[in-house]
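A.B. asks: Based on the sequences and whatever the hints tell you, model everything.
Protein chains: 2
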Amino acid sequence: MPFPLASTPRADGFFMPPEWHPHRQTWMLWPERPDNWRYGAKPAQRAYTAVAEAIARFEPVTMGVSADQYENACARLSEKIRVVEISSNDAWVRDTGPTFVIDGKGNQRANDWEFNAWGGLTGGLYQPWNRDDQVAQKICNMERIERYRTDGFVLEGGAIHVDGEGTLLTTEECLLNANRNPHLSRAEIEQKLRDHLGIDTVLWLPEGVYNDETNGHIDNIACFIEPGHIVLAWTDDESDPQYQRSRTALEYLENQRDAQGRKLKVTKLPMPQPLIQTDDEADGIDQAAKAWPRRAGERMAASYVNFLIVNGGIILPAFGDAMDERAANILADLCPGREIVPVASREILLGGGNIHCITQQQPLA
Amino acid sequence: MPFPLASTPRADGFFMPPEWHPHRQTWMLWPERPDNWRYGAKPAQRAYTAVAEAIARFEPVTMGVSADQYENACARLSEKIRVVEISSNDAWVRDTGPTFVIDGKGNQRANDWEFNAWGGLTGGLYQPWNRDDQVAQKICNMERIERYRTDGFVLEGGAIHVDGEGTLLTTEECLLNANRNPHLSRAEIEQKLRDHLGIDTVLWLPEGVYNDETNGHIDNIACFIEPGHIVLAWTDDESDPQYQRSRTALEYLENQRDAQGRKLKVTKLPMPQPLIQTDDEADGIDQAAKAWPRRAGERMAASYVNFLIVNGGIILPAFGDAMDERAANILADLCPGREIVPVASREILLGGGNIHCITQQQPLA
Chain P
1 MPFPLASTPR ADGFFMPPEW HPHRQTWMLW PERPDNWRYG AKPAQRAYTA VAEAIARFEP
61 VTMGVSADQY ENACARLSEK IRVVEISSND AWVRDTGPTF VIDGKGNQRA NDWEFNAWGG
121 LTGGLYQPWN RDDQVAQKIC NMERIERYRT DGFVLEGGAI HVDGEGTLLT TEECLLNANR
181 NPHLSRAEIE QKLRDHLGID TVLWLPEGVY NDETNGHIDN IACFIEPGHI VLAWTDDESD
241 PQYQRSRTAL EYLENQRDAQ GRKLKVTKLP MPQPLIQTDD EADGIDQAAK AWPRRAGERM
301 AASYVNFLIV NGGIILPAFG DAMDERAANI LADLCPGREI VPVASREILL GGGNIHCITQ
361 QQPLA
Chain E
366 MPFPLASTPR ADGFFMPPEW HPHRQTWMLW PERPDNWRYG AKPAQRAYTA VAEAIARFEP
426 VTMGVSADQY ENACARLSEK IRVVEISSND AWVRDTGPTF VIDGKGNQRA NDWEFNAWGG
486 LTGGLYQPWN RDDQVAQKIC NMERIERYRT DGFVLEGGAI HVDGEGTLLT TEECLLNANR
546 NPHLSRAEIE QKLRDHLGID TVLWLPEGVY NDETNGHIDN IACFIEPGHI VLAWTDDESD
606 PQYQRSRTAL EYLENQRDAQ GRKLKVTKLP MPQPLIQTDD EADGIDQAAK AWPRRAGERM
666 AASYVNFLIV NGGIILPAFG DAMDERAANI LADLCPGREI VPVASREILL GGGNIHCITQ
726 QQPLA
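Chains as they are written, first to last, in my numbering: chain P, 1 to 365; chain E, 366 to 730.
Note that these hints are calculated values from the structure, not bench results. Certain hints may be false.
[Stated by the list, open to error] Below are the DMTMM-like pairs computed for lysine to aspartate or glutamate, each with C-alpha atoms no more than 25 Å apart in a straight line: (1) E/K445 / P/D103; (2) E/K445 / P/E190; (3) P/K80 / P/E143; (4) E/K633 / E/E572; (5) P/K263 / P/D280; (6) E/K655 / P/D68; (7) P/K263 / P/E190; (8) P/K290 / E/D433; (9) E/K445 / P/E143; (10) E/K445 / P/E251; (11) E/K445 / P/E114; (12) E/K407 / E/D644; (13) E/K407 / E/E436; (14) E/K445 / P/D151; (15) P/K80 / E/E572; (16) P/K80 / E/D468.
[To be verified] Here are some, though not all, of the chain E residues that point toward chain P, as calculated from beta-carbon distances under 10 Å: (17) F423; (18) P425; (19) S431; (20) V449; (21) R509; (22) I554; (23) Q556.
For glycine and all other residues, C-beta sits at the position ideal for the given N, C-alpha and C.
C.D. replies: Here you go:
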């Protein structure tokens, strides 16, 4: 296969388009490991299937699955979903898959970030993670897309959002965490982001969502909904440890300008009531020394911001919470051209993420 | 993924094009199992790599490889070769991969034959063979090609050759073997071939090459080089057990007409001197109860007929035998527009086949 390119996307005229740029398809990976997904991952497979089928109403979906689960995945997914063999350590293609870049002239490439399971040996969620770190390469090889490999620079796709006009949104909690790139300064990390995503300005929220095991991925707390306009996960409950995180983020954003010199508009997206893992949910998980323990009574990092924008729609987490409808209505108002499709996602949340975390859009070139 | 189609290719207007029809690409699978390939399959991987690189001079090549061997295959293959994850039980995509069909109007589909490891529990070469039986489906799914699955009809791609004008060539030794489709009569098998390959006439050679563990696959003894013209593996040594097999085949062919009513022209392609597995070759193989034993002193089924026609070329087995050059010269005379590329293939032969067995052409639609 083509070897990784020695230059950078920016040097070659490539940049990461925003999520609302038209997609060629969305990639997913099939959940399987019983030490992260309760009851042999069957409930999670149902949830992933529901997400895949929802996306497939709008655009093609490719599901990567291990050899052991190939037959089962084919049987559970409808004929609209393309199933291919891609082994992984777990099913978070937002973080392990490629981050695609385009040049605006019909060409497409991708970033293949070094991956360390959200923290390596100091806070990472499992080991080994060698198959996860091959996912981006496998997707690029399959699609005959050239890639830039960032050995020595750890990043996950869920740690960044872009507006397509030069501005990137991330969190200090994640990108400056000592378990990612302790050898790089903030300025050096910004330069990596500029070089690999073709952006100019980095907006740094201090923290992500409370108790988010990714060390505060941006894609659970805030995202662009259009250039100059950010949606922010919000709670009015001052006793909630999330309150100060969202409040600080809002104050930060109100005092920033984006790469185009614009002041930022911020829309608050309410969070659901705190969601707690139950005894039964925790009991269905295999006990394993090398995987993150999931315990009954733990608060989960539930957020409606973890939605995926697709061609003509938004696939939105739903929790069976009173706020589900309000979140959908807010997004419907913000995006009149898009159908809002809520998908029950508590089962995905139990595994540590949500709809945006388990999907990776591939743009049209 | 699309479910298997319920009809047949013939009913839908599809037929198998001949091997000289222009190819979109050639598929291969990476050799790995140490109970079939000596010395951890490293010598075989070198041989497969040489075949892949030879083909890649003429057309794209995709190599399917297990998760465990993905990194190694990528490192050993040049950047021209596309590497994708496809698990298998062994590396014979001619027999486990799809047999593609086209409709002459720009559409392409494929047959996904039931596979039983060349004989199932009565003479098959290993068990299990479940991953092999998924290979055709995986290739079709990856390429978004619809397929016809023949549950209840066992066939391998190496057991058939077609001329693209209605005639199919096969052997009784293989297709009428009790370890393939004992529930079907000769007439019923012919009907399956008509329905799935869009042919009209079946030519039945009695036997294949002596000591061929596939039960006499046609692709080791005879093939079409153009409509009405067959190349036949030949020896003049009457003491060789191969002599009577080739002689009988020749006499049969001289008395047949093809689907177009033509008498058949037959060109003899000499065989190399008998090739015997050495002590060292046999000693490098893992001993395993569920795999075919490969023993020193065994004669191997070496034949130049096991070549692959590619776009503008022929990839020809070479054995370091005095006949190598003569075989190449005969094919060069028969195919003045094609470059003849001999590739040393003893290492492939040690595993039980040759260049045609380890490749599967995908035609242009």
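A.B. asks: Let me make sure I understand: some of the numbered hints might not hold for this structure. Which ones are they, in numerical order?
C.D. replies: 2, 5, 10, 15, 17, 22, 23
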